[in-house]
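Build out the structure end to end from the sequences listed, making use of the hints.
Protein chains in written order, with the numbering used here: chain A, 80 to 169; chain B, 8 to 141; chain C, 2 to 428.
I should point out that these hints are in silico values taken from the structure, not numbers from a laboratory.
The model shown is predicted, which means the values in this text are computed figures rather than measured ones.
Treat the hints loosely; a few may be bogus.
[As the list claims (entries may be wrong)] Short, incomplete list of chain B residues facing chain C, as computed with Cβ under 7 angstroms:
#	residue
1	Ser23
2	Leu56
3	Thr125
4	Thr128
[Claimed, not checked] Straight-line alpha carbon distances no greater than 35 angstroms define the calculated DSBU-like cross-link-like pairs of lysine-lysine that follow:
#	chain 1	residue 1	chain 2	residue 2
5	C	Lys34	A	Lys116
6	B	Lys14	A	Lys116
7	C	Lys134	C	Lys81
8	C	Lys273	A	Lys114
9	C	Lys81	C	Lys251
10	C	Lys99	C	Lys288
11	A	Lys114	C	Lys34
12	C	Lys251	A	Lys114
13	C	Lys34	B	Lys14
Note that beta-carbon positions come from the ideal geometry of N, C-alpha and C, so glycine has one too.
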Amino acid sequence: MRMIPNLTPTFILLILGVSTFIFIMFLPALLELKKHKDAGPRLIMNDAPVMQTKIRETILMVNVEEEHRFDQMLAKKMADVMAVLPNLEA
Amino acid sequence: MKENEWKVNHLIFGFSVGAIASYMLLSSSFVSSESVYMLIIFNFLFVSLTFPLDGTLTRKISMLLIGNIIGLFWNYLFSLFAYTVAYYLGDFFNTVYIILSPFVNFIWIVSFWSISLTALTNSKDEKQRLRLDN
Amino acid sequence: MITEILETLFLILTALMIAYLTRHYIFTLTVLKNHQKHEKATTVGNAAYQPTVSILIPALNEEKVIGRILQRMTELTYPKDKMEIIVIDDGSTDDTGKIAEQCSKAHSYIKVIHRSEKEGGRGKASTLNAGLKHAKGEIILCFDADYYPQRDILEKLTKEFADPKVGAVQGRVTVLNEPQNIVTRLVTLERIGGYRVDQQARDSLGLITQLGGTVAGLRRDLLESLGRWDESILAEDTDITFRVYLAGYKIRYVNEAECYEEAVESWRAYWKQRYRWAKGHMQCAFKHSLKVLKSSNLRFREKVDGLLLLNVYFMPILALLSWIISVPLFFLKPPPWFGIFWVSIPISIYSFVGNFAPFFEVGIGAYLDGRTRAQWLIPLLIFTFLYNIPICTKALIDLLISKIFRRNGNHWAKTVHSGNGNSYIMS
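Next up, the structure:
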């Protein structure tokens, strides 16, 4: 067996390296347990699948980090609704 | 149909890349046979189960290659660790190694693959967001 | 000589594990392939078909949850003149009976059957049979007391019975108290894999769809002709599944018929529940394996799938055994193919848990459900696998002892429900 110079520091480094790697592999699981962003429960709606999809889409939109886009879309939809209102009044 | 067509293309491309990576691993003398089998299984599972999902081909290929790099790095690290510890503990460590390695050798695959799914779910969300905007 | 024996054993065990892994892999691919079709699919079955139904709710000391399910039953959209709800108070020592009686007084279609403490506590099969005697509906549906179904679940389940070949249906179970703790979150992952992928694929491929004992429906006349639920089996749901198939009927899985359940919240409760499932399933394996092989009512693929399903609870024990055998084999003289088969062991560690959905089934199930980070917990399933090994081993030993000494070793350890799920119900 060939000799490995400075074995003790290498040995400690390797143990640390292996342990760190294993810890990193479990890190996403630990993160989700401690600071969960998807803890459920899953929504099982009472209504038809169409309603489910619409509500799921709304939730997806709310989760999107760019709130600006959501606000823009909402403003557009509100403008569409308001455009119809005067006609209804007439 | 068009959507399904490009997912099949993704699969074909993914299998090709996976096959090339696996061939390179098999030909390499630096990687142990057990690790090669593990990486081949990873490539096969990853391509067949992830490439049909939503997401750009670039993202999928990048994840596949990152996975292979992580696997190779782990193989190198653990082999070095095993070799060094065996120097101290001798044959006893071989027993420990054979008992523990199913745990440690597969954790990275499961962990990496589950995170990849999140990346693809985010991609699915982006797609739905774009659909809503339109 | 010893090496040859070990090699043969190792080969057989890993071949079995590879068979299960291949089966689950095919299931996952099937669900992925059908994913687009299912999203756009209109309802299968005949939505206009609305037979009379009897809903059986067995309840033993369920005062924390019985009110919730009964309230929910009154909110179901199914015509009230076509349904009856039968609560079987199985000798409860708490207020379960009282709460059920209050609901019964307010609604004529809710009936309560009280069993004395002496009569009750003999297991779910006995309780269901007691309820069945009072049932008048064409279709019998079962819900556990801790469940909380969709309002239109009955329509979704009963429409499948328009096909006369369908003998039973199974809906999907979703965990309500998922955020409670790590146990509930891991059980949720098992459920996702087991229902969203495993059951769905088995239904799509025309294999053996398993009844889960709850959110399940059966034809009353079929149930009667089969001799009702077998009270000597702990897993009465698995037993009735195979009896339905052996009688020439089929079972449909309806993924969109969903119901919340309260998952076990502690490792101790997990042990008791899985021990019951493992022992009951093994009882069914002994009872039905040969019948499945010989049956002329089952196609070849149903027989193969049926045998794999019946024997699934032996797999954690066999996976451990192959792991143990690999150690001396490694040191003696590993054959050239050792390395290739040996990798099946780590994959199997992430496979034989809970509903026996491997990590890739769980992951794809979570993805299809639109979950974003629940799948990050998948690596932790290794610990539930390790926990399942002693559970299944003890179940097998206890079963063998009871068979050898001809003792009735059945003890129904009831799952205690805390009612914590109430806080997660969205109005």
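Each hint, compared with the structure:
| no. | hint | verdict |
| --- | --- | --- |
| 1 | Ser23 | violated (19 angstroms) |
| 2 | Leu56 | holds (5 angstroms) |
| 3 | Thr125 | holds (6 angstroms) |
| 4 | Thr128 | holds (5 angstroms) |
| 5 | C:Lys34 x A:Lys116 | holds (29 angstroms) |
| 6 | B:Lys14 x A:Lys116 | holds (29 angstroms) |
| 7 | C:Lys134 x C:Lys81 | holds (21 angstroms) |
| 8 | C:Lys273 x A:Lys114 | holds (30 angstroms) |
| 9 | C:Lys81 x C:Lys251 | holds (28 angstroms) |
| 10 | C:Lys99 x C:Lys288 | violated (39 angstroms) |
| 11 | A:Lys114 x C:Lys34 | holds (34 angstroms) |
| 12 | C:Lys251 x A:Lys114 | violated (44 angstroms) |
| 13 | C:Lys34 x B:Lys14 | holds (11 angstroms) |
The structure shown violates the earlier hints numbered 1, 10, 12.
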